[in-house]
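S.K.: The opening residue of the sequence shown carries number 1 in the UniProt record's numbering; numbering runs sequentially from there.
It should be emphasised that the hints constitute simulated quantities derived from the structure, not laboratory data. Even for Gly, the Cβ is constructed at its ideal location relative to N, Cα and C. Mixed in with the good hints there might be a few duds.
As the list claims (entries may be wrong) - Label-pair ranges, simulated between beta-carbon atoms:
1) ILE31 x LYS76: 22 to 32 Å
2) LYS29 x SER59: 43 to 53 Å
3) GLU62 x GLN27: 43 to 53 Å
4) VAL34 x GLU62: 31 to 41 Å
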Amino acid sequence: MSNNPEPPPEHSIPNKEGSEPTTESTQAKVISEVNDRLAEAEAAGVSATSARQRADETSDPEEKKKALQEADKQDKKAKSAIKIAQRLQSGVWQG
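The task is simple: from the sequences and hints, build the whole structure.
M.R.: So this is what it looks like as structure tokens:
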């Protein structure tokens, strides 16, 4: 006798979900991912606007330069997130 705590394969419980994900669960995952990307884009856009406002309000040229660089960085992040959301939504990976 072995001290193996696992039951033999014929007595194990089968996976209810199966090996293939359902269309509904895949669509839900895509929608969730799209929503996450859109939220990320919105947050980056707000951050970019805030950085531009700081740049307008400061008189220090170095601080203004840093704020504008931060705004550009956040704009790029927002555009990237929107692009990813559009690709997910259009199903670009479908062949």
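S.K.: Would you mind marking each hint as holding or not holding in the structure?
M.R.: Do the hints match the structure? See the list:
For the pair ILE31 and LYS76, the beta carbons lie near 25 Å from each other, so the given range of 22 to 32 Å is met. Judged by the Cβ atoms, the range 43 to 53 Å given for LYS29 and SER59 holds: they are separated by roughly 49 Å. In this structure the supplied range 43 to 53 Å holds for GLU62 paired with GLN27, their Cβ-Cβ distance being about 49 Å. A beta carbon spacing of about 39 Å between VAL34 and GLU62 agrees with the range 31 to 41 Å that was offered as a hint.
Checked against the numbered hints given earlier, this structure breaks none of them.
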